[in-house]
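S.K.: Letter by letter, the chains look like this.
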Amino acid sequence: MQQLYISLTVNGDVHELNIEPRRTLMEILREDLELHGTHEGCGSGDCGACTVLLDNEPVPSCLVLAADADGRQVVTVEGLVQNGEPHAVQKAIVTHGGTQCGYCTPGIVISSVALLNENPHPNELEAREAIAGNLCRCTGYQKIVDAIVAVGRE
Amino acid sequence: MRSWRWDVNNYSVIGKRVPKLDALDKATGRAQYGHDLNLPGMLVGKILYANVPHARILNIDISRAEKVRGVKAVITGEHNPVHKFGYGADNTPLKADKVRSRRDEVAAVAAMDDDAANEALALIRVEYAELPPLYSAEAALAAGAPLVHEERANNLFLRYNYAHGDAERAFDDADEIVEEEYFLPYVTHAAMETSFALAVFDLQNRLTMWSTTQIPFLLQRDLSEALGMPGRDIRIIQPTIGGAFGRGLDVYPFEPICALLAKHSGKPVRLAFTRDEEFFATATRQPAHVKMRTGVKRDGTLWARDASVLLDAGAYISWGAVTPLVMMETTASLYRVPHAKFVADVVYSNNPPTGAMRGYGNPQSTFFVETQMDMLAEKLGMDPVEFRLKNANIPNSETPQGLKITSCGLRECITEVAERIGWERRSSVSSNQLSVVSNQSSVSSNQSPVSNPQSPIRRGIGIACTLNVGGGARIYRSDGCGATVKVDDFGRVTLISGSTEIGQGSETALAQIVAEVLGVRVDDVTVINSDTSVKPWDVGTHASRTTFIAGNAAWIAANQVREKILDHAAQMLNVSPNHLEMRDGMVRVQGDAAGKGIAYDKVVRAMHYREDGNVVSGTGWYDPPTKLVDKDTYKGNISAAYGFGAQAVEIEVDTETGQVRVLKIVAAHDVGRAINPMYVEGQIEGGAQMGVGYALSEELQVREGRILNPSLLDYRMPTALDMPPIESVIIETADPEGPFGAKGVGEMGGNPTAAAIANALYNAVGIRMNQLPMTGERVLRALKEKERMENGD
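Protein chains in written order, with the working numbering: chain A, 311 to 464; chain B, 41 to 833.
Read the hints as simulated data drawn from the structure, not as lab findings. Source: prediction; values computed, not measured. Be a bit skeptical, because a hint or two may be false.
[Unchecked claim] Label-pair ranges, simulated between beta-carbon atoms:
#1 T673/B x E341/A: 51 to 59 Å
#2 Q383/A x E603/B: 31 to 39 Å
#3 R261/B x P331/A: 15 to 23 Å
#4 E344/A x D529/B: 49 to 57 Å
#5 E464/A x R261/B: 44 to 52 Å
Each residue gets a CB set at the ideal place from its N, CA and C atoms; glycine is no exception.
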C-alpha cells in the first residue's frame with residue numbers, strides 16, 4: 311500500500327514517519343511510538359479512553375487519521391509528566407482516589423487538562439461536562455469530579 | 041473470635057485514605073495492560089462466529105483461508121481436545137457438530153496481522169442445516185421444544201427449590217398481600233478494557249497465558265480440562281486488568297482457542313476482543329422473569345414470601361447459573377420473614393450464553409424484594425423507613441436459611457440515609473408536595489422544594505436496602521486464599537498474595553493490613569499477585585471476598601513475620617518479646633516511644649547474617665469457617681460475615697417525556713471496618729453507577745438471539761452528567777472475623793440502587809415499574825396508562 315510521509319510532534323518530540331494513509335493517530339501512538347498510555351476502549355469514538363490533545367484540543371485519537379495530525383502538536387498522558395513531575399490533575403486523581411481499574415484514566419486526565427487550560431476554576435457541573443465523553447465503569451465519577459474541582463481550587 | 045493487639049483508635053495505616061499502589065502509574069499512562077503486551081513473533085488471533093442461532097454444522101471449508109499470505113494457523117472443531125468444559129460441562133472451544141447460539145465459535149485463525157486474519161475469516165465457508173431456534177426460556181420449556189443439548193432429556197438445566205416455614209399456608213394468615221410480576225433485562229459488564237488473552241507454548245509443551253481473568257488458578261484447572269493437558273504445565277499471568285465485574289469468573293471459549301492457535305502456529309498468539317465482540321461474545325447477566333408475592337401482618341411484621349424465577353441461561357451454562365443462590369438469600373434473609381419459598385429454573389435456550397456479573401443475582405432480587413417492601417408499607421399505611429426498621433436483621437442472629445449474622449449495621453444504614461436525604465420531605469404522592477420547577481441538578485436536603493402543579497417535573501424520594509455476603513462465599517469446596525510475607529535486608533516488605541486485583545484496590549488494602557501488622561509504611565510494602573507460578577493458591581476475585589479472605593491470609597502471614605522479628609529483637613535488646621511492639625519502622629518496648637529501640641530492617645539483617653540464620657518470611661492460609669449450602673435444602677452459612685446497606689435517592693421525572701433524572705444518592709453501607717475509606721467509597725459509588733444504569737438506561741437488546749446494540753453508543757452506560765452527586769456513608773461494626781474488623785464491599789453498592797429509584801418514581805408520580813430499565817419511553821407509557829385508568833377510559 312502507498313505510504314504517506316508525515317511529521318508529528320508528540321510530547322515535544324518530532325517524529326517523521328511513513329505510514330499507510332488509512333491509519334489512525336491512536337494506532338501510530340500505540341504501535342509505532344509505543345505510547346501505551348493512550349488506550350483503545352472502542353475504536354469508534356464512543357468512550358474517550360484514547361483522548362489526546364491535538365493542538366491543545368481534546369480529541370478521540372481513534373477518530374483522527376494520523377495524516378490529519380501531520381505538522382501538528384500532540385500531547386498524550388505521558389507528555390503531561392514534566393521533569394519527573396506529574397501534572398496537577400494526575401496528582402489530584404491519585405490523591406482523591408479517582409482511578410480504579412485505570413483504563414479510562416489517561417483519557418479523563420487529558421479531558422480534564424483541556425478543561426483547566428480553558429477554565430482554571432471549574433465548578434462541579436463544568437467538570438462533569440468536560441468528562442461527559444469519557445466513560446468510566448468503576449468510579450461513579452464522584453472522585454474524578456472531586457479531583458478536577460480540587461485542582462481548580464489550588 | 042480474634043483478639044486484636046492493636047488499639048482501634050491508634051492505627052497507623054488502617055482506616056487511612058492511602059492512594060492505590062498503582063494509582064500514579066495509571067494516571068500517567070505507565071500501567072501495562074494486556075493490550076499493551078508485545079512478544080517477538082506474536083500473531084493476531086481472530087474468531088469466526090456462527091451467526092446462526094441453532095444449526096447442525098455440515099461442513100467447514102478452510103482451504104482458501106489457509107492460503108492467505110501471513111496466515112499461520114486455521115483451526116476448527118476438529119482440533120478440539122475431546123473433553124467438554126464449563127460449569128455445565130457443555131462447552132467446547134470450537135463447535136464441531138452443531139451451533140447453539142449466534143455467537144458460537146466455529147473457526148479461528150492466527151495470522152501475522154489483522155488484515156490477513158480478517159481476510160482468512162472471510163474465506164472460511166461453513167455449511168449449516170438450520171434447526172428450530174428457541175428465543176426464550178418459556179419457549180425452551182414448552183412441550184416438544186427442540187433440545188439445545190441433545191444429550192439432555194430437556195432444556196431445564198437446574199431447578200432451585202428453597203423453603204423455610206410454610207409459605208403456602210402462611211399466606212392464608214397474612215393481613216395484606218402484594219403480588220407482582222417482573223421482567224429484568226440482559227445487561228453486561230462493559231469493562232473499559234476488552235477481554236484479552238496472549239498464549240505461548242514452549243518446546244516442552246508448557247503454556248503461558250496472559251489473561252484478564254479473575255480466577256487464575258481455576259482458569260489453570262479449567263484450561264487443563266478444555267485443552268486436555270496437565271494443569272501443572274499451565275502458567276497464568278495477569279497484567280493490569282482494566283475492569284472485570286464478573287466477566288472473568290469462568291473460562292470462556294476464547295481462552296482455549298487462543299491457546300490452540302498458539303499450539304498450532306508455534307508462535308505467541310494475542311486474542312483481544314473488539315468492542316462489538318465484547319458485547320456479543322462475553323457472557324451477560326441473565327434476563328429474569330419473576331413472579332413474587334409477599335404477605336404481611338397488620339402490625340407490619342413480614343409474614344410470608346413466595347418467589348418464582350425463570351432464568352434464560354442461553355446456550356451454555358457458566359457459574360452465572362448459580363445466581364439463584366444469591367437471589368434466594370435476598371428473598372429469604374434480607375429481612376426476618378418466618379415463611380419463605382423460592383423456586384428458580386435455569387433454562388437453556390439459543391440466546392447468548394450468560395454468566396456472572398457483579399452482585400450475582402442480588403441487583404435482580406433486591407429490585408423485586410425492595411419494591412414490594414414499599415408496596416406493603418403503603419397498604420399498611422406505614423412509613424417505608426419504619427416498616428424496614430421493624431423487619432430489619434439484627435446482630436448475632438441466625439436466619440431461618442442458616443445465615444449466621446454477626447455484625448449487622450442495617451438499622452444504622454437505614455436511619456443514616458433517611459436523615460441525610462431529608463426523608464421528612466417525602467410526603468404522599470397525591471399531595472404532590474415534592475413537585476417543583478427545576479432546571480438545576482443540585483438538591484439541598486434542608487431545602488423544601490416548591491410546589492407547582494403546572495410544572496411537568498415531579499420529584500420523589502425512595503429508599504432500598506441490601507444484604508450481601510461480606511465474608512467470602514463458599515460456592516466452591518474451598519473458599520481459601522494463601523499469602524506469603526517476606527522482608528529483605530533493606531526493610532522492603534513483600535506480600536505475595538493469591539488474590540487478584542481487577543481495579544478495585546484490593547492490593548492496596550492488603551498492603552495496609554500488612555503495614556499495620558509490621559508497623560511499616562504502606563510505601564515499604566510491595567504486592568506481588570499476578571503470576572500463578574509465584575503466588576499461592578486462591579479461589580479468585582468474586583463475591584466481595586478479597587479484602588476479607590486474602591486480608592485474613594495476609595494478616596496471618598504478616599503476624600508470623602512479626603513474631604520472628606520480635607523474638608530476635610528480644611534477644612538483641614535483652615527483653616521479653618511480649619513487651620515489644622513494631623511501629624513506625626522500629627521495634628521497641630511497648631509504650632516507650634522514646635526508649636531503646638531498633639530499626640526492623642536491622643533486626644532482619646541480624647537474622648540473615650548469623651549462624652543458624654533463617655529467611656524472614658511467613659505463610660498464611662485462610663479458609664473461612666463456613667459451609668457449602670446443603671445440596672437439597674440450600675440452607676447453611678455460606679459466608680463468614682454479611683454486609684448491609686441502604687441507599688436513598690431523590691429523583692425528578694419529566695411527565696412530558698418520561699425521562700427520569702437522579703438528583704442525589706445517599707449510600708450508607710456497613711463494611712465492618714473500612715481498611716481504606718477512599719476505596720470503600722469508590723466501590724459504593726461505582727456500584728451505584730451500575731445501579732443507575734440498571735435502573736434507567738442499560739439493556740442489551742436481544743432479538744432472535746442477536747444483540748442489536750453492541751456499542752458503547754447504543755448500550756447506554758451512565759456518563760458523568762447522568763450521575764448525580766453521591767454521598768457515601770461508611771458504617772463500621774467491627775466484624776469479629778474480618779481482618780481488623782473489615783467485611784467485603786465490592787458488590788453491594790449496586791444492589792439497592794434500582795429499587796430505590798423505582799420507589800422514588802412511585803413517590804413522584806404514582807407508577808410502579810416492574811420492568812427494567814425504566815426508560816423514558818416506558819415511564820411515559822405507564823403515565824399514559826395511569827391517566828387512562830384514572831379517567832375511566
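S.K.: Taking 15 to 23 Å as the hint, is the beta-carbon distance of R261/B and P331/A inside that range?
M.R.: violated (48 Å)
S.K.: May I ask you to test the hint 44 to 52 Å on the CB atoms belonging to E464/A and R261/B?
M.R.: About 51 Å separates the Cβ atoms of E464/A and R261/B, which means 44 to 52 Å holds.
S.K.: Okay, T673/B versus E341/A on CB: inside 51 to 59 Å?
M.R.: holds (57 Å)
S.K.: Between E344/A and D529/B, is the Cβ distance one that fits in 49 to 57 Å?
M.R.: For D529/B against E344/A, whose Cβ atoms are near 35 Å apart, the range 49 to 57 Å is violated.
S.K.: Could you say whether the range 31 to 39 Å given as a hint is met by the Cβ separation of Q383/A and E603/B?
M.R.: violated (58 Å)
In summary, the structure is inconsistent with hints 2, 3 and 4 from the numbered list given earlier, while agreeing with the others.
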